[in-house]
Amino acid sequence: MIGKGIAKGMVETARNLVGSYHESERMVTVEYPEQKIPAKESARNFPFLVYDGDDWQTGLRCVSCQICEKECPPQCIYIEKDTEKKPDFLGKPQFQPKIFDIDVSVCMGCQICVEVCPFESIRMDREFEYAGTDRFNDMLFTKENLAKSNSYYHQIHPTEATETDGIREDKRQAHLLKERAKAEKLAKAKKEAMEKKAGASSTD
Amino acid sequence: MNLLLTIIALITLASAVAAICLRNLVHCVLCLTLSFAGIALTYLELSAEFVGFAQVMVYIGAVTILVLFALLMTRGGKELHLRSWNPGHWLTGLGAGLGTLGVLLVGIFHSKLREVTPLDTKDESVHALGNSLLDTYVLPMEALAVLLTVALIGAALLAMPERSRPGQTFRKVSSTKEGPVKD
Amino acid sequence: MHTLTPYLLLSAGLFCTGLIGVMLRRNAIILLASIELMLNAANINFVAFWRFHPSSEDVSGLVMVLFTIAIAAAEAAVGLALVISIYRHYRTTNPDTLNELKG
Amino acid sequence: MWFEELLISIKASMVLLAPEMVRPLVSALLSSMPILMSFGGLFAMVTLLERKMLGRIQNRLGPNRVGPFGLFQPVADGIKMLTKEDIVPHSADHLIHFLAPLILLVSAMLGLSVIPFGQKLVAVELEAGILFFFAVGGAAELAVFMAGWSSRNKYALLGALRAIAQMISYEIPLILSSIGVLMAAGSLSLVEVVQAQAGGMHAWYIWTPWGFLGCILFLIATLAEVNRSPFDIPEAESELIAGHMTEYSGFKYAVFFLAEFVAMFAMCALTATLFLGGYHAPLPILSFIPGPFWLFLKLILLVLLFIWIRGTMPRLRADQLMEFAWKFMLPMSMANLVATGLWIALDGGVLGWILSAILNGAAYFGWSHLLSRASGVKPRVYQYADDPQTHA
Numbered sequence: 049m050i051g052k053g054i055a056k057g058m059v060e061t062a063r064n065l066v067g068s069y070h071e072s073e074r075m076v077t078v079e080y081p082e083q084k085i086p087a088k089e090s091a092r093n094f095p096f097l098v099y100d101g102d103d104w105q106t107g108l109r110c111v112s113c114q115i116c117e118k119e120c121p122p123q124c125i126y127i128e129k130d131t132e133k134k135p136d137f138l139g140k141p142q143f144q145p146k147i148f149d150i151d152v153s154v155c156m157g158c159q160i161c162v163e164v165c166p167f168e169s170i171r172m173d174r175e176f177e178y179a180g181t182d183r184f185n186d187m188l189f190t191k192e193n194l195a196k197s198n199s200y201y202h203q204i205h206p207t208e209a210t211e212t213d214g215i216r217e218d219k220r221q222a223h224l225l226k227e228r229a230k231a232e233k234l235a236k237a238k239k240e241a242m243e244k245k246a247g248a249s250s251t252d
Numbered sequence: 608m609n610l611l612l613t614i615i616a617l618i619t620l621a622s623a624v625a626a627i628c629l630r631n632l633v634h635c636v637l638c639l640t641l642s643f644a645g646i647a648l649t650y651l652e653l654s655a656e657f658v659g660f661a662q663v664m665v666y667i668g669a670v671t672i673l674v675l676f677a678l679l680m681t682r683g684g685k686e687l688h689l690r691s692w693n694p695g696h697w698l699t700g701l702g703a704g705l706g707t708l709g710v711l712l713v714g715i716f717h718s719k720l721r722e723v724t725p726l727d728t729k730d731e732s733v734h735a736l737g738n739s740l741l742d743t744y745v746l747p748m749e750a751l752a753v754l755l756t757v758a759l760i761g762a763a764l765l766a767m768p769e770r771s772r773p774g775q776t777f778r779k780v781s782s783t784k785e786g787p788v789k790d
Numbered sequence: 035m036h037t038l039t040p041y042l043l044l045s046a047g048l049f050c051t052g053l054i055g056v057m058l059r060r061n062a063i064i065l066l067a068s069i070e071l072m073l074n075a076a077n078i079n080f081v082a083f084w085r086f087h088p089s090s091e092d093v094s095g096l097v098m099v100l101f102t103i104a105i106a107a108a109e110a111a112v113g114l115a116l117v118i119s120i121y122r123h124y125r126t127t128n129p130d131t132l133n134e135l136k137g
Numbered sequence: 128m129w130f131e132e133l134l135i136s137i138k139a140s141m142v143l144l145a146p147e148m149v150r151p152l153v154s155a156l157l158s159s160m161p162i163l164m165s166f167g168g169l170f171a172m173v174t175l176l177e178r179k180m181l182g183r184i185q186n187r188l189g190p191n192r193v194g195p196f197g198l199f200q201p202v203a204d205g206i207k208m209l210t211k212e213d214i215v216p217h218s219a220d221h222l223i224h225f226l227a228p229l230i231l232l233v234s235a236m237l238g239l240s241v242i243p244f245g246q247k248l249v250a251v252e253l254e255a256g257i258l259f260f261f262a263v264g265g266a267a268e269l270a271v272f273m274a275g276w277s278s279r280n281k282y283a284l285l286g287a288l289r290a291i292a293q294m295i296s297y298e299i300p301l302i303l304s305s306i307g308v309l310m311a312a313g314s315l316s317l318v319e320v321v322q323a324q325a326g327g328m329h330a331w332y333i334w335t336p337w338g339f340l341g342c343i344l345f346l347i348a349t350l351a352e353v354n355r356s357p358f359d360i361p362e363a364e365s366e367l368i369a370g371h372m373t374e375y376s377g378f379k380y381a382v383f384f385l386a387e388f389v390a391m392f393a394m395c396a397l398t399a400t401l402f403l404g405g406y407h408a409p410l411p412i413l414s415f416i417p418g419p420f421w422l423f424l425k426l427i428l429l430v431l432l433f434i435w436i437r438g439t440m441p442r443l444r445a446d447q448l449m450e451f452a453w454k455f456m457l458p459m460s461m462a463n464l465v466a467t468g469l470w471i472a473l474d475g476g477v478l479g480w481i482l483s484a485i486l487n488g489a490a491y492f493g494w495s496h497l498l499s500r501a502s503g504v505k506p507r508v509y510q511y512a513d514d515p516q517t518h519a
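Chains as they are written, first to last, in our numbering: chain A, 49 to 252; chain B, 608 to 790; chain C, 35 to 137; chain D, 128 to 519.
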């Protein structure tokens with residue numbers, strides 16, 4: 049019969065219309081700028097650069113290896129190497145970026161840069177309320193804007209940040225072991241050399 | 608001379624002339640619509656309300672739209688607007704038209720009717736019209752109803768695309784010279 | 035008080051415009067439109083004669099106009115349907131080129 | 128009564144202030160001004176109401192940013208529309224492109240002039256008022272065509288042609304379903320149609336079987352005539368961008384929008400006049416409240432119904448639309464005419480009521496049964512999605 053389904057649908061929408069006034073669980077809308085739904089831990093959108101310690105310039109993890117720049121699908125990262133080196137967290141002298149720009153109007157949030165970064169330097173942020181009046185410059189983030197502390201990282205993505213810290217700790221341990229082995233080897237070699245020298249002198 | 612009527616008549620005539628002169632066919636039809644509207648206004652000026660509204664409804668609401676649809680369906684906008692320059696054609700056409708106009712004008716200005724004055728009030732009630740339609744003119748009206756129905760069905764049948772039946776296609780293919788070659 | 039003349043003049047003008055249109059245009063659709071114009075010119079006369087008729091009860095003029103309008107609408111419908119089906123066959127709406135029946 | 132008489136005397140005294148020469152003009156102006164102003168205001172209100180109500184139907188809040196409860200949203204929309212750049216396509220037919228929205232608006236507004244808003248409150252009292260209403264409504268089709276054709280845009284042209292085909296098809300059931308009322312009232316004049324329904328709710332035509340079916344058919348045809356959802360195929364965003372309005376922006380687009388709403392109001396006012404007793408109060412006790420109030424109340428209730436329908440139903444497909452018009456609406460309105468004739472022949476008595484109800488009911492049930500059998504549509508089987516029946 050023509051019209052039965054229509055009547056059924058009309059009743060359904062009428063129930064919604066009336067119900068939306070007195071059943072608060074129906075309303076899923078949040079009045080955004082005043083109220084916000086707390087972000088999920090896995091929320092991500094644009095990348096940022098992590099630094100250790102208090103000073104972002106000395107603590108910046110990035111060594112400007114430019115892997116992320118090459119891998120970025122929309123090519124929104126631009127890196128220029130500095131000529132001067134600075135020591136990294138292991139104390140080794142490493143390059144640092146002179147310019148590190150991300151055009152977030154181009155970035156698509158794919159997280160490939162994070163996957164490929166061998167130095168745990170670039171990570172995903174969850175800040176999304178960006179707005180500007182200039183189409184080109186306002187959405188171009190330089191390394192000053194991008195650098196954020198490790199504690200901030202812990203705050204937004206605790207699990208992932210702890211994981212990253214673990215990796216870095218392992219690296220440090222491995223490095224220490226290696227250093228120790230190297231030092232031992234060096235000491236041994238020295239000792240052997242000394243002994244040889246002594247042996248040689250004694251045979252004389 | 609009645610000012611209102613003069614304006615209406617001038618608009619009607621000008622748009623009618625434009626309708627047969629303009630190059631773009633859609634413009635022609637739109638001018639024709641304006642002309643129909645002017646004619647409807649003339650009816651209203653003659654205090655024939657019902658007929659005036661019927662004119663608007665049928666001509667502006669239906670016939671013009673029909674003509675426009677037909678124009679678009681036949682890609683009419685691209686065709687030449689007048690006959691090609693052939694003095695014979697042109698002379699015959701203009702001569703016939705202007706000759707008729709002359710004859711009509713002579714007739715009008717020699718007629719006794721042109722000095723008739725109208726009644727001050729005319730009983731143009733829809734009731735009278737309806738009564739006479741269903742009383743004196745009931746047979747023509749019924750015939751008209753049949754005519755309209757037939758025209759509706761006939762027009763739909765005429766304009767319907769011809770569908771080839773399954774049996775026909777085979778015959779068509781085999782009868783042409785470029786048909787499939789058999790071993 | 036005005037007279038019948040302006041209506042008759044308007045009607046004559048419209049009729050002749052329609053006639054010239056029928057003679058000189060080469061698109062069948064515009065031909066039909068011109069014919070409509072001629073029918074309308076006749077209608078103006080009907081209404082004008084009704085208005086200037088001495089009897090106040092007689093509405094034959096208006097009835098005639100209604101009939102004409104109905105017939106014109108039917109004519110336009112059938113005519114345009116014909117034009118469209120002709121166009122499907124011959125890919126033209128120019129009546130001059132439709133001369134297959136010519137002896 | 129007092130309200131109508133007050134308005135009329137105010138108008139009369141204001142006309143007397145004007146010099147002798149321009150009095151007819153001033154009188155016409157004074158008759159049309161209140162209509163234009165009140166419907167302009169109603170337009171602003173209804174745009175907000177529609178968005179609010181649609182939001183609530185979808186369990187949203189609707190606009191609530193501009194002013195308290197979003198009440199100034201229409202103002203903001205208006206400012207936005209009026210300050211936008213008016214773009215005319217380079218290859219458009221400029222004159223026709225300019226004229227189309229104006230003709231549409233004028234044809235929508237003219238229809239309001241024959242609606243009686245109260246006792247003796249009608250801008251133009253015509254003997255063939257309803258014919259005038261439908262005649263000027265016919266000009267809307269021309270305006271839509273002009274808009275679509277002059278834009279030189281395929282979406283605009285397709286949308287316009289769809290709109291015209293739809294409007295012409297639905298004009299037939301629209302007029303046929305209103306003829307029953309005219310037969311019963313014995314007049315083409317809307318004033319007399321309303322007077323025939325005086326004396327309280329029981330005299331309204333909607334309570335007769337033919338009036339009920341006629342009213343429903345009329346409302347459905349109205350939805351199609353003013354391109355409202357679910358018959359808004361001419362403006363289907365997903366396929367035609369905005370139909371004939373694609374190439375319009377700024378003020379001209381606003382005019383289109385206004386014309387669409389005013390046409391809807393005019394149609395609702397006509398529905399109220401034909402079937403719901405026009406400006407008459409539902410109960411004779413309530414007739415101290417002025418007539419315009421009742422008419423506007425009925426009008427707004429009908430508009431709410433339209434919004435409700437819009438919130439419920441998805442858009443039809445073009446061929447479904449045409450089939451519905453010619454296969455369902457037309458036969459039903461014909462059957463309704465016969466039922467009306469029966470009712471009138473039996474002088475509207477109980478027997479006439481019962482017989483016409485039986486006739487209409489038989490027509491509806493029989494025809495819809497036949498149609499659904501002929502269409503071969505079976506209840507939908509869900510292959511992958513869950514069947515809502517089993518989980519209900």
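One or more hints might be untrue.
Cut-off 27 Å, straight-line C-alpha distance, at most; resulting in silico cross-link-like pairs (DSSO-like, lysine-lysine) [claimed, not checked]: (1) A:LYS134 / A:LYS226; (2) A:LYS236 / A:LYS140; (3) A:LYS236 / A:LYS219; (4) A:LYS140 / A:LYS219; (5) A:LYS129 / A:LYS140; (6) A:LYS230 / A:LYS140; (7) A:LYS196 / A:LYS219; (8) D:LYS505 / A:LYS56; (9) A:LYS52 / D:LYS505; (10) A:LYS219 / A:LYS233; (11) A:LYS84 / A:LYS196; (12) A:LYS56 / D:LYS179; (13) A:LYS219 / A:LYS230; (14) A:LYS196 / A:LYS88; (15) D:LYS505 / A:LYS84; (16) A:LYS52 / D:LYS247; (17) A:LYS245 / A:LYS233; (18) D:LYS281 / A:LYS56.
None of these hints come from the bench; they were simulated from the model.
Hints, verified against the model:
1. In summary, the hint linking LYS134 (chain A) to LYS226 (chain A) is supported, as the alpha carbons are separated by about 21 Å, within the 27 Å threshold.
2. Distance check on the hinted pair: LYS236 (chain A) and LYS140 (chain A) sit about 23 Å apart at the alpha-carbon level, within 27 Å; holds.
3. A threshold of 27 Å between alpha carbons decides the hint, and for LYS236 (chain A) with LYS219 (chain A) the separation of about 25 Å falls inside it, so the pair holds.
4. Restraint check: the Cα-Cα separation between LYS140 (chain A) and LYS219 (chain A) comes to about 13 Å, which is no more than 27 Å; the hinted pair holds.
5. For the given pair, LYS129 (chain A) sits about 17 Å from LYS140 (chain A) by alpha-carbon distance, which is consistent with the 27 Å threshold.
6. Proposed proximity of LYS230 (chain A) and LYS140 (chain A) is supported: the alpha carbons are some 15 Å apart, at most 27 Å.
7. Among the hinted pairs, LYS196 (chain A) with LYS219 (chain A) is consistent with the structure: their alpha-carbon atoms are about 22 Å apart, no more than 27 Å.
8. For the given pair, LYS505 (chain D) sits about 18 Å from LYS56 (chain A) by alpha-carbon distance, which is consistent with the 27 Å threshold.
9. Distance hint between LYS52 (chain A) and LYS505 (chain D) is fulfilled; the C-alpha atoms sit about 14 Å from each other, no more than 27 Å.
10. Distance check on the hinted pair: LYS219 (chain A) and LYS233 (chain A) sit about 20 Å apart at the alpha-carbon level, within 27 Å; holds.
11. Restraint check for LYS84 (chain A) and LYS196 (chain A): the C-alpha separation of about 23 Å stays at or below 27 Å, so the hint holds.
12. Taken as a hint, the LYS56 (chain A) and LYS179 (chain D) pair is honoured in the structure, with Cα atoms around 22 Å apart against an allowance of 27 Å.
13. Between the alpha carbons of LYS219 (chain A) and LYS230 (chain A) the distance comes to roughly 16 Å, so the proposed pair stays at or under 27 Å and holds.
14. For the given pair, LYS196 (chain A) sits about 20 Å from LYS88 (chain A) by alpha-carbon distance, which is consistent with the 27 Å threshold.
15. Only pairs whose Cα atoms come within 27 Å are accepted, and LYS505 (chain D) paired with LYS84 (chain A) is rejected, the gap being roughly 46 Å.
16. Of the pairs offered as hints, the one joining LYS52 (chain A) and LYS247 (chain D) is violated, with about 42 Å between alpha carbons and a cut-off of 27 Å exceeded.
17. Taken as a hint, the LYS245 (chain A) and LYS233 (chain A) pair is honoured in the structure, with Cα atoms around 18 Å apart against an allowance of 27 Å.
18. A hinted pair counts as satisfied when its Cα atoms are at most 27 Å apart, and LYS281 (chain D) with LYS56 (chain A) does not qualify at roughly 38 Å.
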